[in-house]
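Trainee: Using the sequences and the accompanying hints, generate a full structural model.
Number of protein chains: 2
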Amino acid sequence: MAAVEYLGIDIGGTNVKMGIVNSETGQITNFYSHDTVSWRKSGHFEDRLGEAIGLQLIDNKNITKVGIGLPGMINSARVTPIEITAIPELNNVPLVEILKKRFPTVDFFLENDANAAALGEFYFGEERIDESYIFITLGTGVGGAAIIGKKVFTGGRGNAMEPGHTPSVNGKVLERNIGKNELLDLANSMRKEFRGITLLPDDGTISTTGLVASASEGDVLALQVFAKVGELLGENLCHLVAILDINLILIGGGLSASFDYILPSMTTKMEYWLTKYHADGLTIKRATLGNDAGLLGAASLCF
Amino acid sequence: MAAVEYLGIDIGGTNVKMGIVNSETGQITNFYSHDTVSWRKSGHFEDRLGEAIGLQLIDNKNITKVGIGLPGMINSARVTPIEITAIPELNNVPLVEILKKRFPTVDFFLENDANAAALGEFYFGEERIDESYIFITLGTGVGGAAIIGKKVFTGGRGNAMEPGHTPSVNGKVLERNIGKNELLDLANSMRKEFRGITLLPDDGTISTTGLVASASEGDVLALQVFAKVGELLGENLCHLVAILDINLILIGGGLSASFDYILPSMTTKMEYWLTKYHADGLTIKRATLGNDAGLLGAASLCF
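Protein sequences, first through last, are from chains A and B. With the working numbering, the residue at position 286 of the first sequence is 286, and numbering never jumps. Plus 1000 on top of the position in the second sequence (first one is 1) and you've got the working numbering.
Simulated from the structure, these hints should not be mistaken for laboratory data. Among the hints, a few may not be true.
[Stated by the list, open to error] Straight-line distance between alpha carbons at most 30 Å, and here's what the computed DSSO-like set of lysine-lysine pairs gives:
#  : chain 1 : residue 1 : chain 2 : residue 2
1  : B       : K1269     : A       : K180
2  : B       : K1041     : B       : K1100
3  : A       : K276      : B       : K1228
4  : A       : K269      : A       : K228
5  : A       : K172      : B       : K1228
6  : A       : K228      : B       : K1228
7  : B       : K1150     : B       : K1065
8  : B       : K1172     : A       : K228
9  : A       : K269      : A       : K285
10 : A       : K276      : B       : K1180
11 : A       : K269      : A       : K180
12 : B       : K1151     : A       : K150
[What the hints assert, rightly or not] In silico negatives: residues of chain B with every beta carbon more than 12 Å from chain A:
#  : residue
13 : G1012
14 : S1023
15 : T1025
16 : N1030
17 : F1031
18 : T1036
19 : L1055
20 : K1065
21 : E1089
22 : I1098
23 : E1127
24 : N1181
25 : E1182
26 : P1201
27 : T1208
28 : P1264
Beta carbons are placed, not taken as given, at the ideal position from N, Cα and C, and that holds for glycine.
Mentor: Here you go:
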């Protein structure tokens, strides 16, 4: 298939980013970013978005497909946002219908941003991967997506894959045990046991960057925190593997910088729980798309 | 759609059952059952099966679709059994190809038996239900299936939905905590704490029938055992709901006779863990197809 170009749009709580993406190389041109708040304040977010799309289409007359990633839940027909916490103005706005009316010759594809980013790994990732995989994002929360046969798995009602909301230890769901803040709380609370054998600060100011840097230098406290993260994540991933029958797992998100330090305990835990059928061929990798994951993911919806 | 007739075949470890099923009423005629062992011993299970199908087709010339349920894993193209523990002779036998060669004008649909039974609830269940639901079977093991948009969800590699193999308490997977034998072990081991306040036998001979009967009479030991089952099942079901975004759950299998006694603790547990989005509208029901679930399920593959 010859390379074509798609317009990818990553709508986030802070910025709306868009760019023309080459379907073969993943190269981004005509990059444009606008702050989200001022569009929200205008009272007509969808019109501001439409105008920005219009400018891109005037400059790029070859574009016939536009992919849009949104930070929240959309309806199962994939045309209307239903719960976008960061941009509630979009809730129940028939976005695809509105855009289609404005640009009748263009097709629009709407998807949750984590799902889009997951799909982007297939089309734009560094190496060729299976057509089915589980995608986990580690950050403030624990997000997820599943790609099955090159398609976003949307489940029964359209919003599948919330691994962060699954039961974990201490009576808390997974992301309330291993989300960014919880992980720092854990590190700070363990700090005093490690007096003299860790260089991490003892005044409650441990940062995730500091934790990752310390782990890379063999710091025992940092390594122990990430081992705990790997253990808890691994246990919940076993549910995903046994339910979805997928044995490739990609880990992305800001905290995936700790990948090397969470992997050993995660693997041990999963080998303990999984049956031979599921454990054979289990592969856990770090996702390869970095800052552009959102935009490339949105463009990948056009394939 | 006018009623048509399908041939349903339920291949089990003990018996192979088949019958002509009316697509509208679910009425079964021409019922035929043969013991599985003698076909296995013949060394040509697929030929014996072919002969039995041939007899049915001679008697029922209107049949053009045959659904077959098998107790194990089949390949993702749904044409070849890959791991049938009870009938290993069928492993890697290209069953659909063989049957199609023998009966060129007939279409064959192969599926795992739990998946087939789950689908049967949609087409032949007592009441109209959603097109998407989770189906759990309680028995010696804990089996499962998911129907999404009236279709069997097969996951990434074809063998999705093994809730019995997901992590649970005591370092054991779910079915090793609440399978039939584990439940009886639990009841027998708790027996002495309930001296004088339970009528269940104290000589290690508690049966599941006895437990269900006692629970219906308010026996505290029986009720406590089922409350524990509901708790553990409920916790693991929360993973299924958050991963699949399905909020209708049907419970079937022999031990679903205990449905009324496991429901309260299961519901409490799920309401504790689930987000509002997932908890709203959550419905847990007992599956309605009884002994004929396997055969009707097999026939439902033909829709």
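Trainee: Against the 30 Å threshold, does the CA-CA distance of K269 (chain A) and K285 (chain A) hold or violate the hint?
Mentor: With Cα atoms ~16 Å apart, K269 (chain A) and K285 (chain A) stay inside 30 Å; holds.
Trainee: Taking the minimum C-beta separation from F1031 (chain B) to chain A, is that value above 12 Å?
Mentor: 33 Å, holds
Trainee: Should the label of T1036 (chain B) as a non-interface residue stand, given a Cβ cut-off of 12 Å to chain A?
Mentor: 23 Å, holds
Trainee: The output says N1181 (chain B) does not contact chain A. Does that hold with a beta carbon cutoff of 12 Å?
Mentor: 18 Å, holds
Trainee: Taking only the CA atoms, is the gap from K276 (chain A) to K1180 (chain B) under or equal to 30 Å?
Mentor: 23 Å, holds
Trainee: Check the non-interface label on E1127 (chain B): least C-beta distance to chain A beyond 12 Å or not.
Mentor: 18 Å, holds
Trainee: A cut-off of 12 Å on Cβ-Cβ distance, and E1182 (chain B) was said to be off the interface with chain A. Does that hold?
Mentor: 17 Å, holds
Trainee: Checking one constraint from the list: CA of K1151 (chain B) to CA of K150 (chain A), max 30 Å. Satisfied?
Mentor: 18 Å, holds
Trainee: Would K1065 (chain B) pass as off the interface with chain A, using Cβ distances and a cut of 12 Å?
Mentor: 25 Å, holds
Trainee: For a C-alpha distance cap of 30 Å, please report whether K269 (chain A) and K228 (chain A) respect it.
Mentor: Roughly 11 Å separates the two Cα atoms, so the pair holds.
Trainee: Minimum Cβ separation between T1025 (chain B) and chain A greater than 12 Å?
Mentor: 28 Å, holds
Trainee: Grab the minimum beta-carbon distance between P1201 (chain B) and chain A and tell me whether it stays above 12 Å.
Mentor: Holds, since 35 Å exceeds 12 Å.
Consistency note: the structure conflicts with none of the earlier hints.
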